[in-house]
Amino acid sequence: MEFFERFAIPHPSPAIYASMVAIVLTSIALVVGLTYFKKWGYLWREWLTTVDHKRIGIMYLISALLMLFRGGVDAIMLRAQLAVPENQLLDAQHYNEVFTTHGVVMILFMAMPFIIALMNFVVPLQIGARDVAFPRLNALSFWLFFFGAMLFNISFVVGGSPDAGWTSYFPLAGNEFSESVGSNYYMIAIQIAGIGTLMTGINFVTTIMKMRAPGMTLMKMPMFTWTALITNLLITFAFPVLTVLLAMGTFDRLFGTHFFTMDNGGMDMLWANLFWVWGHPEVYILILPAFGVYSEVISTFSRRNLFGYKAMVASIVVISVLSFIVWAHHFYTMGQGPLSNSIFSITTMAIAVPTGVKIFNWLFTMYKGKIEITTPMLYSLLFIPLFTIGGVTGVMLGMSAADYQYHNTMFLVAHFHMVIIPGVVFAMLAGLTYWWPKMFGFMLNERLGKWAAWILAISTLVAFMPMFLTGLDGQARRAYTYSEATGFGPLNMLSFVGAIGLAIGFAVIVYNIYYSVRYSPRNISADPWDARSLEWATHTPVPEYNFAILPQVSSSEAFWDAKKHGHKLFPGRYEEIHMPNKSGVPFIMSAIFFIWGFALIFSLWTLAIIATLGIFACMTHRSFEKDDGHHIHLGEIEETEEKLGGTKL
Amino acid sequence: MKIDQSLPLEYSTEENRLKIYGFWIFLGAEIMLFATLFASYFTLEGRTGNGPSGAEIFEITPVLIETLVLLTSSFTIGLAIHAMRLGRQKAVIAFFVITLLLGAGFLSVEIYEFIHYVHVGAGIQTSAFTAILLLTLGTHGAHVTIGFFWGLFIVMQIRKRGITPQTANKSFIFSLYWHFLDVVWIFIFSFIYLKGMM
Chain Y
1159 MEFFERFAIP HPSPAIYASM VAIVLTSIAL VVGLTYFKKW GYLWREWLTT VDHKRIGIMY
1219 LISALLMLFR GGVDAIMLRA QLAVPENQLL DAQHYNEVFT THGVVMILFM AMPFIIALMN
1279 FVVPLQIGAR DVAFPRLNAL SFWLFFFGAM LFNISFVVGG SPDAGWTSYF PLAGNEFSES
1339 VGSNYYMIAI QIAGIGTLMT GINFVTTIMK MRAPGMTLMK MPMFTWTALI TNLLITFAFP
1399 VLTVLLAMGT FDRLFGTHFF TMDNGGMDML WANLFWVWGH PEVYILILPA FGVYSEVIST
1459 FSRRNLFGYK AMVASIVVIS VLSFIVWAHH FYTMGQGPLS NSIFSITTMA IAVPTGVKIF
1519 NWLFTMYKGK IEITTPMLYS LLFIPLFTIG GVTGVMLGMS AADYQYHNTM FLVAHFHMVI
1579 IPGVVFAMLA GLTYWWPKMF GFMLNERLGK WAAWILAIST LVAFMPMFLT GLDGQARRAY
1639 TYSEATGFGP LNMLSFVGAI GLAIGFAVIV YNIYYSVRYS PRNISADPWD ARSLEWATHT
1699 PVPEYNFAIL PQVSSSEAFW DAKKHGHKLF PGRYEEIHMP NKSGVPFIMS AIFFIWGFAL
1759 IFSLWTLAII ATLGIFACMT HRSFEKDDGH HIHLGEIEET EEKLGGTKL
Chain D
330 MKIDQSLPLE YSTEENRLKI YGFWIFLGAE IMLFATLFAS YFTLEGRTGN GPSGAEIFEI
390 TPVLIETLVL LTSSFTIGLA IHAMRLGRQK AVIAFFVITL LLGAGFLSVE IYEFIHYVHV
450 GAGIQTSAFT AILLLTLGTH GAHVTIGFFW GLFIVMQIRK RGITPQTANK SFIFSLYWHF
510 LDVVWIFIFS FIYLKGMM
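One line per chain: the protein sequences are Y and D, in this order.
With the first letter of the first sequence counted as 1, position 244 gets the number 1402 in my numbering; the numbers rise by one all the way through.
With the first letter of the second sequence counted as 1, position 28 gets the number 357 in my numbering; the numbers rise by one all the way through.
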């Protein structure tokens, strides 16, 4: 029995036992359902072994939506706890765990896979390629992310969740102050998912640099592809810092080293610095593709080309460079002195300049445009004022002297939610609605979509504007309760109402998906929005090979040119197409990674060694494997194209 | 598969060119990985707690042996790629085997060095300095170890399949990796050992 005691949760509550039961029941239902409907083979052949960027994108999307639900439940619990003073709904420990997992899940397991989902689906289509550069690696990226996320998510029913905040600062996250295995989960689950993300970065940089359609020079790439390129460069250069950081944290926790401890020379501030050397670029890894989505949507629905294309590209590049030299603004109050603080203050505020350039470019794109307010466009229009609130308060926080007032208060919490929700979440919802018809062959209901957009926008304001006030009055973040005398009660109740509103907004989106699956017409064209870039030039549903003939490009809006100016997009004739083979190894290898991580978290050394050998066995198999892919023959292409209505333009 | 005869074999197919490009990007990520380790090393270098400092535990002889062995192996892997371009399979295998033997030699000396550190009371748990020292050296050593097996598999494939676009591509990428580890070692030699001993 002693062996199993380590898996017990240190702070059990009825809610957790209920979740355990729910998890077990759902798993049983899944297994029974798959068996009953005889779908195991289908699942394995079509999804678990796929290397098709479109399917991998859709799997990322499903994971992101599931994680949005999980992180959202966390958020509701947090706001419910703070809704009234001296609340006893959650105890301090439970509250710590919930805000930690809320942060990690939302940033790393919701926002990241969401942008990677859109990049996976859209980027190869936008550059006129047939897949990414390394399709097998892409599958491995997804499965590593997936199993990393699953490992993190079982923490609250097996062994206890991390409780040191999503930043997991030492010494709090060290063994001395975090005795449960929670922080082990943090170190190892994020490591596994992070390796997958790093591979995505390398894969997409190569794809975009080397696989663009003939004629598509860098300055003729659609804006979403530009942002994807820069984001993946940021991933490539920022994630190795996280890899080392988590390795050091793991060593401190599992092997008793003194990187971040308070004795034997350890330095706790090293964690904070390295964390944000990764963490700040991470912010831009999330926001840049969001900007790309807005650029696509605003230009499509203003029926104009994007204003200031070159300025847009320049500002993305400048933002990406600056993102690496602002990290210390996350801890002005931790004693690095006025000189460093001033330097980081200036670099921080400098970021507002290129961001402002982008905002004005979007406004000028709409100026004199024929604006059509569709759901994606509505999100974009709501984004601009809401994001500006987040941005301006960011400049306030960037001033190091003033930051002593705001630091670690609800003001900060309000700021970054006002940036991330209108910035990233609205963009992802806009992108989801915009590219949905290309992914699934029908459109989401516009009426429900607009309802959801309005509910989300208003609820965001209701939930987070009060926090600016309580924050300025000194309500600390991450404190599980407050006294009645502080007077924070009513405003926190208002925030809770906003949080409920956000939940309703997301429920409307879920209902919209259900409704559209049932009732939306299926006979839509391949270009339902009258859009401008190459992903709309191919059929819906997109054939396995994307384009029967590779497109010929001469501007950043090749498809628009083809529609309006008679540009010949698909010259030439069908040729045999070389495609990569399916493989189950990425799935198996990532599953072994899951076991490996689990073994390390609970210090089960024998199992850890066996799993390590298993991982190396998979790599050895890959080295010796002969895999030349397969060819799609002419007859097959002609047949598919015939069925989908032939290649036009 | 189209093979472009005007290019060297390792670049001759589309897939090969992508793999080489992607590997350069990967090396960019590796530079960041080691840069983070070096930055942490410089930060924690003087924080020895109750443990010894670098000057007290570094020994020049094993370090010089390691340096010589690894630099030579970088030269021999270059010769292997040269032989590959000339299409001389036996020479490729011979130079590969020499490279891997030198790699194994490097690793044995490094293992000896680690045992020595533990003996003189500079284990990984001793202080922040020893932890970052052993983590930085260990990360490099782990790269060499993985490279050793990777290279071994490539030699086996060249023996069995000959010099094909695939094996040539693998060998070339392996040589990039091996040279990179050499460059990292030069930084370790200069900024950890020499700086520590001065």
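Rather than coming from a laboratory, the hints here were simulated on the basis of the structure.
Accuracy of the hints is not assured; some may be wrong.
[As the list claims (entries may be wrong)] Sample of chain D residues at the chain Y side, in silico, Cβ under 10 angstroms:
#, residue
1, S341
2, E344
3, W479
All residues carry an ideal CB built from backbone N, CA and C; glycine is no exception.
Verification of the hints:
no.	hint	result
1	S341	violated, 14 angstroms
2	E344	holds, 8 angstroms
3	W479	holds, 7 angstroms
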